[in-house]
Amino acid sequence: MRLTDALRYYVNTRVMGWTAIRVNRLYSEMKTRFRKERKDSYTAPPLRISSRTKEMIARHYLDGRFAKPYRKVAWVTSGAPVEILNALGFHLFYPENHGAICGVSRTAEEISGEAEDAGYSPDICSYARTDIGSALSGKTPVGKLPPPDILVACTNICQTVLYWYGFLAHHFKVPLILIDTPFIYTEASDHSIEYVKKQLEAAVPIAEGVAGKTLDERKLKDFMYKSRIAMDLWMEILGRGAHRPTPISAFDQFIHMAPIVEMRGHSHTIDFYAAMLKEVDRRIAHGIGAVKNERKRLLWDNLPIWHKFRFLSETLGKHGVVLAASTYTNAWAELAPMIDPEKPFESAARAYLHPMLNRGAGHKLNTMRRMIEKYSLDGVILHSDRSCKPYSIGQMDQRTLLMSEYGIPALLLEADHCDPRYFTDARTTTLLMAFIEMLGQ
Amino acid sequence: MHEALTSIPCRREIIRAHKESGGRVAAVLPIHYPRALFRAFQILPVELWGPPEIDPQYSKAHLQPYVCPLVHNALSYITGPESEVFDLVAVPHTCDSLQGLCSILTDLILPRQPVFPIYLPRGRRESDAQFLANEFHALYRKLEALTSLSPSEDEVMACILREEDADEVLAELNRKRKFLPLCQRDFYHLLRSREYLPAERFCELAKSFLAKAENESRDKGLPIILSGIVPEPMSLFEFIERAGGVVVADDLACCGRRLYGPGEDNDVFRRMAKSILSAPPDSTRGSSIQERADHMVRMVKMSGAKAVLFYCMKFCEPELFGHPPLRDELNKINIPTLVIESELSEASLNPSVGSLELFLETILCG
Amino acid sequence: MIYTAGIDVGSTYVKAIILNENGDLVGSAIHSTGFLIEETSKNMLEEARERAGINSADIGCITTAGFGRSMVSFRNTQVTDLIAQSWGVRALYPATHTIIDIGGQTMKAIRLDDGGRVMNFRLNDKCAAGSGTFLEKTAHYLGYGIEEIAPLVERSTKAVPISGICAVFAESEVINHISQGEKPEDIMHGAMLSLTERSVSLMKQVQMQPEFTLVGGIMRFPVMARVLRESLGGAANVPPENLAQFTGAIGAALLARRHLEKKTD
Numbered sequence: 001m002r003l004t005d006a007l008r009y010y011v012n013t014r015v016m017g018w019t020a021i022r023v024n025r026l027y028s029e030m031k032t033r034f035r036k037e038r039k040d041s042y043t044a045p046p047l048r049i050s051s052r053t054k055e056m057i058a059r060h061y062l063d064g065r066f067a068k069p070y071r072k073v074a075w076v077t078s079g080a081p082v083e084i085l086n087a088l089g090f091h092l093f094y095p096e097n098h099g100a101i102c103g104v105s106r107t108a109e110e111i112s113g114e115a116e117d118a119g120y121s122p123d124i125c126s127y128a129r130t131d132i133g134s135a136l137s138g139k140t141p142v143g144k145l146p147p148p149d150i151l152v153a154c155t156n157i158c159q160t161v162l163y164w165y166g167f168l169a170h171h172f173k174v175p176l177i178l179i180d181t182p183f184i185y186t187e188a189s190d191h192s193i194e195y196v197k198k199q200l201e202a203a204v205p206i207a208e209g210v211a212g213k214t215l216d217e218r219k220l221k222d223f224m225y226k227s228r229i230a231m232d233l234w235m236e237i238l239g240r241g242a243h244r245p246t247p248i249s250a251f252d253q254f255i256h257m258a259p260i261v262e263m264r265g266h267s268h269t270i271d272f273y274a275a276m277l278k279e280v281d282r283r284i285a286h287g288i289g290a291v292k293n294e295r296k297r298l299l300w301d302n303l304p305i306w307h308k309f310r311f312l313s314e315t316l317g318k319h320g321v322v323l324a325a326s327t328y329t330n331a332w333a334e335l336a337p338m339i340d341p342e343k344p345f346e347s348a349a350r351a352y353l354h355p356m357l358n359r360g361a362g363h364k365l366n367t368m369r370r371m372i373e374k375y376s377l378d379g380v381i382l383h384s385d386r387s388c389k390p391y392s393i394g395q396m397d398q399r400t401l402l403m404s405e406y407g408i409p410a411l412l413l414e415a416d417h418c419d420p421r422y423f424t425d426a427r428t429t430t431l432l433m434a435f436i437e438m439l440g441q
Numbered sequence: 001m002h003e004a005l006t007s008i009p010c011r012r013e014i015i016r017a018h019k020e021s022g023g024r025v026a027a028v029l030p031i032h033y034p035r036a037l038f039r040a041f042q043i044l045p046v047e048l049w050g051p052p053e054i055d056p057q058y059s060k061a062h063l064q065p066y067v068c069p070l071v072h073n074a075l076s077y078i079t080g081p082e083s084e085v086f087d088l089v090a091v092p093h094t095c096d097s098l099q100g101l102c103s104i105l106t107d108l109i110l111p112r113q114p115v116f117p118i119y120l121p122r123g124r125r126e127s128d129a130q131f132l133a134n135e136f137h138a139l140y141r142k143l144e145a146l147t148s149l150s151p152s153e154d155e156v157m158a159c160i161l162r163e164e165d166a167d168e169v170l171a172e173l174n175r176k177r178k179f180l181p182l183c184q185r186d187f188y189h190l191l192r193s194r195e196y197l198p199a200e201r202f203c204e205l206a207k208s209f210l211a212k213a214e215n216e217s218r219d220k221g222l223p224i225i226l227s228g229i230v231p232e233p234m235s236l237f238e239f240i241e242r243a244g245g246v247v248v249a250d251d252l253a254c255c256g257r258r259l260y261g262p263g264e265d266n267d268v269f270r271r272m273a274k275s276i277l278s279a280p281p282d283s284t285r286g287s288s289i290q291e292r293a294d295h296m297v298r299m300v301k302m303s304g305a306k307a308v309l310f311y312c313m314k315f316c317e318p319e320l321f322g323h324p325p326l327r328d329e330l331n332k333i334n335i336p337t338l339v340i341e342s343e344l345s346e347a348s349l350n351p352s353v354g355s356l357e358l359f360l361e362t363i364l365c366g
Numbered sequence: 001m002i003y004t005a006g007i008d009v010g011s012t013y014v015k016a017i018i019l020n021e022n023g024d025l026v027g028s029a030i031h032s033t034g035f036l037i038e039e040t041s042k043n044m045l046e047e048a049r050e051r052a053g054i055n056s057a058d059i060g061c062i063t064t065a066g067f068g069r070s071m072v073s074f075r076n077t078q079v080t081d082l083i084a085q086s087w088g089v090r091a092l093y094p095a096t097h098t099i100i101d102i103g104g105q106t107m108k109a110i111r112l113d114d115g116g117r118v119m120n121f122r123l124n125d126k127c128a129a130g131s132g133t134f135l136e137k138t139a140h141y142l143g144y145g146i147e148e149i150a151p152l153v154e155r156s157t158k159a160v161p162i163s164g165i166c167a168v169f170a171e172s173e174v175i176n177h178i179s180q181g182e183k184p185e186d187i188m189h190g191a192m193l194s195l196t197e198r199s200v201s202l203m204k205q206v207q208m209q210p211e212f213t214l215v216g217g218i219m220r221f222p223v224m225a226r227v228l229r230e231s232l233g234g235a236a237n238v239p240p241e242n243l244a245q246f247t248g249a250i251g252a253a254l255l256a257r258r259h260l261e262k263k264t265d
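Residue numbers (our numbering), protein chains in the order written: chain A, 1 to 441; chain B, 1 to 366; chain C, 1 to 265.
Treat the hints with care, since some could be wrong.
Said to hold, decoys possible - Computed far set for chain B versus chain A, every beta-carbon distance over 12 Å:
hint, residue
1, Glu13
2, Arg24
3, Gln42
4, Glu82
5, Asp87
6, Ser150
7, Leu161
8, Phe179
9, Pro181
10, Ala213
11, Leu222
12, Pro262
13, Val353
To be verified - Derived lysine-lysine pairs resembling DSBU-like cross-links, with alpha carbons at most 35 Å apart:
hint, chain 1, residue 1, chain 2, residue 2
14, B, Lys142, A, Lys343
15, B, Lys332, A, Lys173
16, B, Lys60, A, Lys318
17, C, Lys204, A, Lys173
18, A, Lys296, B, Lys60
19, A, Lys226, A, Lys173
20, A, Lys139, B, Lys332
21, A, Lys144, B, Lys332
22, A, Lys308, B, Lys314
23, B, Lys274, A, Lys198
24, A, Lys197, B, Lys142
25, B, Lys274, A, Lys197
26, C, Lys262, B, Lys301
As the list claims (entries may be wrong) - Chain C residues, not near chain A, derived (Cβ > 12 Å throughout):
hint, residue
27, Thr77
28, Ala91
29, Gln105
30, Gly115
31, Tyr141
32, Glu211
33, Ala235
34, Val238
35, Arg258
Derived from the structure by calculation, the hints contain no laboratory data. All of these numbers come straight from a predicted model, not from anything done at the bench. Backbone N, C-alpha and C define an ideal beta-carbon position, used for all residues, glycine too.
Looking at chain A on its own, in the form it has when it is part of the complex (with noise of 0.2 Å):
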């Protein structure tokens, strides 16, 4: 490594571009300050915090552009034991959230077409085909992203990451790191954590080789406790929802979600979690709701639909309807308890294999049957997302299940995570209004 090289991604990112990014979070939270609220709007104004949401991402981005050749870079999987690469020194790149963001910005249409012109099927999950065809185009709203040294897949989401990452491995010609986490149809059984654990291990050697240094053991069990904080104070903002009006709404949750996914283990992010639970609590101390006269309360289940964002809130907001709390936004925070700092590679081959997704429908249908008694919900909006088998395949079912033990409607909501091509706003506005006379008054 040269001292020019760290010398210029120190100047490029902690002086000119951070600072940059501050002022201008600066700049915006002032003006949230300032600005009055909007009366005609159905929800509360965004939490405070959000400015410094954007600024965390904007930094990660930033970081990942100017990162080469100083920095090594690793695109992993939103399941992947991360504390390892963060240990040594990789700065992580992560495809499904970049997919996310290209949703949200409505570029994921176009950058996924790339992928189709090159032949690739519409059929296939909406963030593969976003991540390919930008990495076969270069297309990016973000400016430009870092090409990886490795990467990390772990099956823990699904099996579509082992085809997809074999995509990128193909393409960047990079070595490939592969976490295969066997299914919990029951309960995990003990050579399953047990090969979990060795293919942790094994990946050890790998990924120092290609980060030039040796594992930091020290490093690795302050980057798992951290993480475990995080992951802490995340499960209590998410648990802030039961709270009557809820202060937060499923849409606040996807919203700053990112650091937990991206950046747990680091210290801001703590100082981050920590900063907003407070503000939720100021919320909760003075009866802000998320939704301005809050009427019903619901669970959602699956991915967001990343394009409609504003249009599911606002069309829900205007009937006072809330979406208090989200079975994914809940993945980040479950696993909290299974992280054992002081056993780094054991407890994470045990939290590494224990996602909700990874983990059989029944399993999901009790912990949506937890979450509609603890924060006391009336009804269920399952997205069914054609992008995400795993989490859409049962939701069929357990419709029907909730619908007739909890005696509340249920709606099975056909889109896509990121392809707008599977969503019509006529279609879902006459689907909504029903079900949302079907919650009653």
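Position chains B and C against the provided structure of chain A, taking the given hints into account.
Relative to the frame of chain A, chains B and C by itself:
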């Protein structure tokens, strides 16, 4: 059906005979699983690749339309009256859709039979082989509980050796395919009888056909390789033949990707695991694009194929991701390729026939 | 003089062409395909022959192409649409490397090498949103006939976006736009753009290279040719008048000539 094929007993017959002899029958979903282990417990594994022609009304109430037709059909079949003959259902963890199927069967739909998942690792590392061996050991315990039988290691090994013999005969059939007095559809009918025949019966049958092998190649037409999951509907072979093509090798999940070599290990569980991991590259087992491409290029060279047909099941992600890079690699050696999609049924294949004809005729005329 | 005939039996129209020894077009005819494929093909051949003013005996070879190529019993030879199109198009525009052929039911992108041989091709998937029928249906919803499509789109000032990944979805979008009070010309324009996007995507899938030539029934609408040409960056050949519909038949007639020549060799 070719006259010679009347000698192949049908599924129903085999299932009935096995049950009458006091054995059990398992319905097994695609792709890889330890046949010998089931046989050691006197369970006959009978594979479910769909089945192709079934009314998916039932599954439509449980699975979204973007789930693959094989899984839709399997759910309709398992919950329908015809599956009563099965004593258990085994679901290898092949892809997200089969994972989902197994999960809803275990937790939400609960068919009359017990459902046993089999997890397949996505690599070929030592840790993968050990895990798979452990997984088979766990399956042994479950089958033991179900049947109250405890086959000894020697008994399991005897079953393994029998399957290895059948695998060898299957490979021989593939090597001699062009010398056999069978049309393409009948040949695949014979290959696919391995999906339900006991290994010893399959060996017997296959050898009777191998004995009829002729000295001269019967292949007439444009030699092609068929890649995909399962060649259903089987009329696909007739369409290929009519358009002037002949399948000289395949990369089908139900056939060519299951040409297992013998597992080299004395421990029965490790031996079965290693055998499965020795099979040709397969998207669902995590083979890299390069491995798959190299394998296909090798197949093209060995078989003299002039084109590759990717016959894809709708919504099959493991396959869909592979097509563009594999086509690129084949393109580099001037092998034209075509992708056609179907949903297992005759009706879903028909619209693609025109495309298939265009493809083969254009190469033939060119 | 010995003449040759090419009949392109498409899913929507049957096109017949007669060429003289010099390759000049001396007669043509077109009619919707219907159910009686053999009869329609026969009638079209007769019509083209009468226009050429020649006797049946003057036709030395009849070559068929198109989806119904093998259903015409009086043919002498048959070729695929891909080869027929490549010959027909190359005769008109010898530097063509990529052809997009948009017909009633199918859309084909064909990539040719320098010698005019088919290197690669793609058909649209089975969804009807990728063919001429989609425009026809959209026009139908809007209460217009097929021939009114062109003048309608000419009036449009903006295109209403229609995703068109699937015909069923696209139709519901069209209906929604109607109820939202969008102008029919703008909706029709949007449908046309959606079709254009699909064709460009198909062309990209065969690694398109210039020159591009646009053919097929849909090109009889000058506005479609214009929109497609624009999205290809300006340069694309479109056969004049209604020849865009006949390139397959022309190619078949040229191949019939080659067949005759080979026989006499």
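We went through each hint and held it up to the structure:
no. : hint                  : verdict
1   : Glu13                 : 33 Å, holds
2   : Arg24                 : 21 Å, holds
3   : Gln42                 : 25 Å, holds
4   : Glu82                 : 22 Å, holds
5   : Asp87                 : 19 Å, holds
6   : Ser150                : 20 Å, holds
7   : Leu161                : 26 Å, holds
8   : Phe179                : 37 Å, holds
9   : Pro181                : 39 Å, holds
10  : Ala213                : 39 Å, holds
11  : Leu222                : 23 Å, holds
12  : Pro262                : 24 Å, holds
13  : Val353                : 20 Å, holds
14  : B:Lys142 <-> A:Lys343 : 31 Å, holds
15  : B:Lys332 <-> A:Lys173 : 18 Å, holds
16  : B:Lys60 <-> A:Lys318  : 34 Å, holds
17  : C:Lys204 <-> A:Lys173 : 24 Å, holds
18  : A:Lys296 <-> B:Lys60  : 31 Å, holds
19  : A:Lys226 <-> A:Lys173 : 33 Å, holds
20  : A:Lys139 <-> B:Lys332 : 26 Å, holds
21  : A:Lys144 <-> B:Lys332 : 30 Å, holds
22  : A:Lys308 <-> B:Lys314 : 27 Å, holds
23  : B:Lys274 <-> A:Lys198 : 18 Å, holds
24  : A:Lys197 <-> B:Lys142 : 25 Å, holds
25  : B:Lys274 <-> A:Lys197 : 21 Å, holds
26  : C:Lys262 <-> B:Lys301 : 33 Å, holds
27  : Thr77                 : 33 Å, holds
28  : Ala91                 : 29 Å, holds
29  : Gln105                : 20 Å, holds
30  : Gly115                : 25 Å, holds
31  : Tyr141                : 15 Å, holds
32  : Glu211                : 20 Å, holds
33  : Ala235                : 19 Å, holds
34  : Val238                : 22 Å, holds
35  : Arg258                : 33 Å, holds
Going through the hint list in order, the structure satisfies each hint without exception.
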